[in-house]
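These protein sequence lines are chains A and L, in that order. Take 1 as the starting number for the first sequence in the numbering used here and just add one per residue. Take 1 as the starting number for the second sequence in the numbering used here and just add one per residue.
For the record, the hints were derived by calculation from the structure and aren't laboratory data. Take the hints with a grain of salt, since some may be wrong.
Straight-line alpha carbon distances no greater than 25 angstroms define the calculated BS3-like cross-link-like pairs of lysine-lysine that follow [to be verified]:
{"#": "1", "chain 1": "L", "residue 1": "Lys66", "chain 2": "A", "residue 2": "Lys57"}
{"#": "2", "chain 1": "L", "residue 1": "Lys66", "chain 2": "L", "residue 2": "Lys54"}
{"#": "3", "chain 1": "L", "residue 1": "Lys66", "chain 2": "A", "residue 2": "Lys3"}
{"#": "4", "chain 1": "L", "residue 1": "Lys103", "chain 2": "L", "residue 2": "Lys54"}
{"#": "5", "chain 1": "A", "residue 1": "Lys59", "chain 2": "L", "residue 2": "Lys66"}
{"#": "6", "chain 1": "A", "residue 1": "Lys78", "chain 2": "A", "residue 2": "Lys59"}
{"#": "7", "chain 1": "A", "residue 1": "Lys57", "chain 2": "A", "residue 2": "Lys78"}
{"#": "8", "chain 1": "A", "residue 1": "Lys78", "chain 2": "A", "residue 2": "Lys53"}
{"#": "9", "chain 1": "L", "residue 1": "Lys103", "chain 2": "L", "residue 2": "Lys66"}
{"#": "10", "chain 1": "A", "residue 1": "Lys78", "chain 2": "A", "residue 2": "Lys62"}
{"#": "11", "chain 1": "A", "residue 1": "Lys59", "chain 2": "A", "residue 2": "Lys3"}
{"#": "12", "chain 1": "L", "residue 1": "Lys103", "chain 2": "A", "residue 2": "Lys62"}
Residue strings, one per chain:
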Amino acid sequence: GPKVLQIPSHQIIDMGQMVTLNCDPVSNHLYFYWYKQILGQQMEFLVNFYNGKVMEKSKLFKDQFSVERPDGSYFTLKIQPTALEDSAVYFCASSHNWGAYEQYFGPGTRLTVL
Amino acid sequence: GQQVQQSPASLVLQEGENAELQCNFSTSLNSMQWFYQRPGGSLVSLFYNPSGTKHSGRLTSTTVIKERRSSLHISSSQTTDSGTYLCALEREEGTGSKLSFGKGAKLTVSP
Numbered sequence: 001g002p003k004v005l006q007i008p009s010h011q012i013i014d015m016g017q018m019v020t021l022n023c024d025p026v027s028n029h030l031y032f033y034w035y036k037q038i039l040g041q042q043m044e045f046l047v048n049f050y051n052g053k054v055m056e057k058s059k060l061f062k063d064q065f066s067v068e069r070p071d072g073s074y075f076t077l078k079i080q081p082t083a084l085e086d087s088a089v090y091f092c093a094s095s096h097n098w099g100a101y102e103q104y105f106g107p108g109t110r111l112t113v114l
Numbered sequence: 001g002q003q004v005q006q007s008p009a010s011l012v013l014q015e016g017e018n019a020e021l022q023c024n025f026s027t028s029l030n031s032m033q034w035f036y037q038r039p040g041g042s043l044v045s046l047f048y049n050p051s052g053t054k055h056s057g058r059l060t061s062t063t064v065i066k067e068r069r070s071s072l073h074i075s076s077s078q079t080t081d082s083g084t085y086l087c088a089l090e091r092e093e094g095t096g097s098k099l100s101f102g103k104g105a106k107l108t109v110s111p
């Protein structure tokens, strides 16, 4: 089936540093998402993105977070500066459209903030 | 409050037994997805099932919109089925799409 790729698979950084998580969505998809899962906890929606804009973000999407997809390249999640509570697995997803369209998920990036 | 309720939270079976996992939701539904989450954390998409019944090998998913529930049935369970099963609801909303996940059902299948 369609594949979403995420780079890197693991990232360890010191608190206060900047980190960028990269997502390569399914090639003809137009809608992109980030989800966050703290170890042992529930998967939570962070943000969705379409046509260069954030459509909706949750309370977990702090001011230190930003997303972009410059020139159709990677869809990125940037955290600057990072905090200890940002340690989690971040999943990227994409869909062809929104509203009753399947979302395809990447394998996740495990972020550890020390 | 929690919009997606999964039950049971955990289930222990002997190999060969069947499993029935439930997902109940409190809001209107656009679609429902079921995932298997490997112990390492990666997700395997099992079903995209907005309504009705779908089959894939030993797995069956049934979503009944009027009753606000979706189920995942695993027949003749195998030890390799062990892991966490997640349901995710896409609600009807006007500001784009997002999935609300259940807390997961941890399945353990013993030989």
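Here's how the hints hold up against the structure:
1. Annotation: proposed proximity of L/Lys66 to A/Lys57 is violated, straight-line Cα distance about 29 angstroms (limit 25 angstroms).
2. Between L/Lys66 and L/Lys54, the direct Cα distance comes to roughly 17 angstroms. Compliance with the 25 angstroms bound is thereby established for this hinted pair.
3. Only pairs whose Cα atoms come within 25 angstroms are accepted, and L/Lys66 paired with A/Lys3 is rejected, the gap being roughly 33 angstroms.
4. The suggested pairing of L/Lys103 with L/Lys54 holds, with an alpha-carbon distance near 23 angstroms, which does not exceed 25 angstroms.
5. Between A/Lys59 and L/Lys66 the alpha-carbon distance is near 30 angstroms, which puts this suggested pair outside the 25 angstroms criterion.
6. Taking the CA atoms of A/Lys78 and A/Lys59, the gap is about 16 angstroms. The hint holds against a cut of 25 angstroms.
7. In summary, the hint linking A/Lys57 to A/Lys78 is supported, as the alpha carbons are separated by about 14 angstroms, within the 25 angstroms threshold.
8. The suggested pairing of A/Lys78 with A/Lys53 holds, with an alpha-carbon distance near 15 angstroms, which does not exceed 25 angstroms.
9. A hinted pair counts as satisfied when its Cα atoms are at most 25 angstroms apart, and L/Lys103 with L/Lys66 qualifies at roughly 22 angstroms.
10. Between A/Lys78 and A/Lys62, the direct Cα distance comes to roughly 11 angstroms. Compliance with the 25 angstroms bound is thereby established for this hinted pair.
11. For the hint linking A/Lys59 to A/Lys3, the alpha-carbon distance of about 28 angstroms lies beyond 25 angstroms, and the restraint is violated.
12. Restraint check: the Cα-Cα separation between L/Lys103 and A/Lys62 comes to about 23 angstroms, which is no more than 25 angstroms; the hinted pair holds.
Consistency note: the structure conflicts with the earlier hints numbered 1, 3, 5, 11.
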